[in-house]
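Here's the letter readout for the chains.
Number of protein chains: 2
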Amino acid sequence: MKYFLSVFLFTPAVLFSQINKETFYYGKDYFIIEGTIIPASEKESPYDRLPASYKDIVRKPVWDLSKSSAGLAIRFVTDSPYIKVKWEVLNNSSMNHMPDTGIKGVDLYYKNNNEWQYINTGRPKGFKNQYTLIENMSKEMKEFKIFLPLYDGVKNIEIGIDPLSSIEKAKKNKKQPIVFYGTSITQGGCASRPGMAHTNIISRKLDLDVVNFGFSGNGRMEQPIAELISNADAKLYIIECLPNMISPENITKRTIPLVNTIRKNNPTAPIVLIDLFKTPKSILNDNSKRKSKAMDDALKTEFEKMIGLGYKNLYYVETPKIIDSDNEGTVDAIHFTDLGFLRYADFLIDSLSKLDLLD
Amino acid sequence: MKYFLSVFLFTPAVLFSQINKETFYYGKDYFIIEGTIIPASEKESPYDRLPASYKDIVRKPVWDLSKSSAGLAIRFVTDSPYIKVKWEVLNNSSMNHMPDTGIKGVDLYYKNNNEWQYINTGRPKGFKNQYTLIENMSKEMKEFKIFLPLYDGVKNIEIGIDPLSSIEKAKKNKKQPIVFYGTSITQGGCASRPGMAHTNIISRKLDLDVVNFGFSGNGRMEQPIAELISNADAKLYIIECLPNMISPENITKRTIPLVNTIRKNNPTAPIVLIDLFKTPKSILNDNSKRKSKAMDDALKTEFEKMIGLGYKNLYYVETPKIIDSDNEGTVDAIHFTDLGFLRYADFLIDSLSKLDLLD
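These protein sequence lines map, in sequence, to chains A and B. The first sequence begins at 1 in our numbering and counts up by one. The second sequence begins at 1 in our numbering and counts up by one.
Pulled out of the complex, with its shape left as it was, chain A reads as follows (with noise of 0.2 Å):
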């Protein structure tokens, strides 16, 4: 009898402290996707930034950069007092000039007085991972986000919270989405963590979606896509494509196509062409120096035709020349670092303020 009245007694506590301190795991039922303007039901995946349709209309390269999750994020609002995530990636890539945690890692931000609040990275060890990334906090609601990997896709994604602790998705963001159309760059090559793409730097600081269509080494100023966002109810396009357009050519034949082929669906929004960015090497490197200027003459040529045609709320934003800045913000005189891309994003920023983009 002793022994069944202690099993008794201390059997329900062993259980319930065990039951807390299990985490309960929840997924894309319990929080909203962002960053994306293609409904769930018409992509493979929800992490996924091309509809399934389009596998058969973009080059391969697209397509297959399309099922990075760059600019996209989950948002859910939580009283847990800690924060882990389960997350499973679909290549499980790397690269020399990016760290993991940019490449294919998650990064919690949670909203503090109405700005979103940096909080910690989820570092991924392989294709299936798991991370606490915040812990011992107070338990009331709170609004928190994930942004994605850059430059892989997301099989699965999971939050997990304090068992006794409930979780909800966020509300949506009602304002109109901006929709960036460009390279590596725009994809957030290479941020140390996604968080700090400039597409999303810029969904922080302005508080709405953005859409990020950036495809490394491939976006080239090509129909399919243009299409694709000209059905986009978009506040405004961002094109910065010059990268990846290898010669003045293409960007001559290009520009104004890409233009048409955005107006048929949105014959309104602000479309904003951004001139190459400059490379320290143009310092030093005189080819460079040359190439660069005959890219953006091209393209400054294009927006003036557009113009002289009667074009409307369509613009042309000079990024800060090799001049006016210290040169530090590549890790390869190239792709953006954190710091390129918060300065770049501020830039951003600030120009489409003054050209009354942002009201």
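Just so you know, the hints here were simulated from the structure itself, not pulled from any lab data. Any given hint could be a false lead.
[Claimed, not checked] If you anchor each label on the Cβ, the simulated ranges turn out as follows: (1) A/E22 <-> B/N260: 47 to 53 Å; (2) A/K293 <-> B/M141: 23 to 29 Å; (3) B/K354 <-> A/N265: 54 to 60 Å; (4) A/N114 <-> B/N114: 41 to 47 Å; (5) B/M141 <-> A/I323: 18 to 24 Å; (6) A/I256 <-> B/P320: 46 to 52 Å; (7) B/D350 <-> A/P257: 49 to 55 Å; (8) B/L309 <-> A/E88: 57 to 63 Å; (9) A/D350 <-> B/K305: 44 to 50 Å.
C-beta atoms are modelled at their ideal positions from N, C-alpha and C, and glycine is treated no differently.
Let chain A serve as the given structure and place chain B on it in line with the hints.
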């Protein structure tokens, strides 16, 4: 005869153009090595950070980390129209929150009107690496500096130039060096490339030598390192050990002995104690906030004890509070990115300047 004539006429030209195409590589007799206070003759390798005699004096992890070339740089003058580099690293290691470019890459700067100007980074591929850093330059003499890997050692490095150009050692910097002793952050974790560790940024901005005794996970105010740096003809000492002190008790136990040992051989050079860098996790994590404060309090107490005892040229610097920053400067809530390093370098220069320590 005709055959021989042809050979005679064409051979020299062919030979000449082949010679002209073939890069000549120059080793350590053609550049100076900066960022070290230990003569090469006392080291196992000129790119080490500790004397050979310290192998049995320091703990093994400290010795192993001293093989990483953090803070070391090579400097030379050349009129070559291009600069290539071959370098071999010791461990070929990787981390998931710092790119290989920072761990084991090399970083080219050139002196542009007395300012050090970033040009490009050698991206590593393995143990043996080769990279063209810049080409198509005008052919006048220019001064270049290459920062060496932060988290790997250099077995050998050679500069490749045009065979018709010359290369020679740059002039030594005559100013007294600043000596840093600290942790993984001091060692440059997690800069995207070697030039962006704060010690290297400070060396460029102040145009003086900075010596980096950052030992990842092992910057623990230890006596052998204190002994070593006490022999330096230092302009000042910066002690950044707090993140590796584990507990306030260790700080209480080791701070005054550290200062006393430095003072044995260097009775006057300013010693600057840096408090704990603030982690964004501490905004929400109450335990982390408490622990951070206890660490700072322990250091402050030891500092005030020493001031009370009449110690001279001793300073305590409080790094920015979490509330004074957007907290975007780290990759993992602890280690600085280029953004965090540049901000911290600027903060430190400003703080030292206000303390009149930079005259």
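Cross-check of the supplied hints:
| no. | hint | verdict |
| --- | --- | --- |
| 1 | A/E22 <-> B/N260: 47 to 53 Å | 51 Å, holds |
| 2 | A/K293 <-> B/M141: 23 to 29 Å | 27 Å, holds |
| 3 | B/K354 <-> A/N265: 54 to 60 Å | 58 Å, holds |
| 4 | A/N114 <-> B/N114: 41 to 47 Å | 45 Å, holds |
| 5 | B/M141 <-> A/I323: 18 to 24 Å | 22 Å, holds |
| 6 | A/I256 <-> B/P320: 46 to 52 Å | 49 Å, holds |
| 7 | B/D350 <-> A/P257: 49 to 55 Å | 51 Å, holds |
| 8 | B/L309 <-> A/E88: 57 to 63 Å | 58 Å, holds |
| 9 | A/D350 <-> B/K305: 44 to 50 Å | 49 Å, holds |
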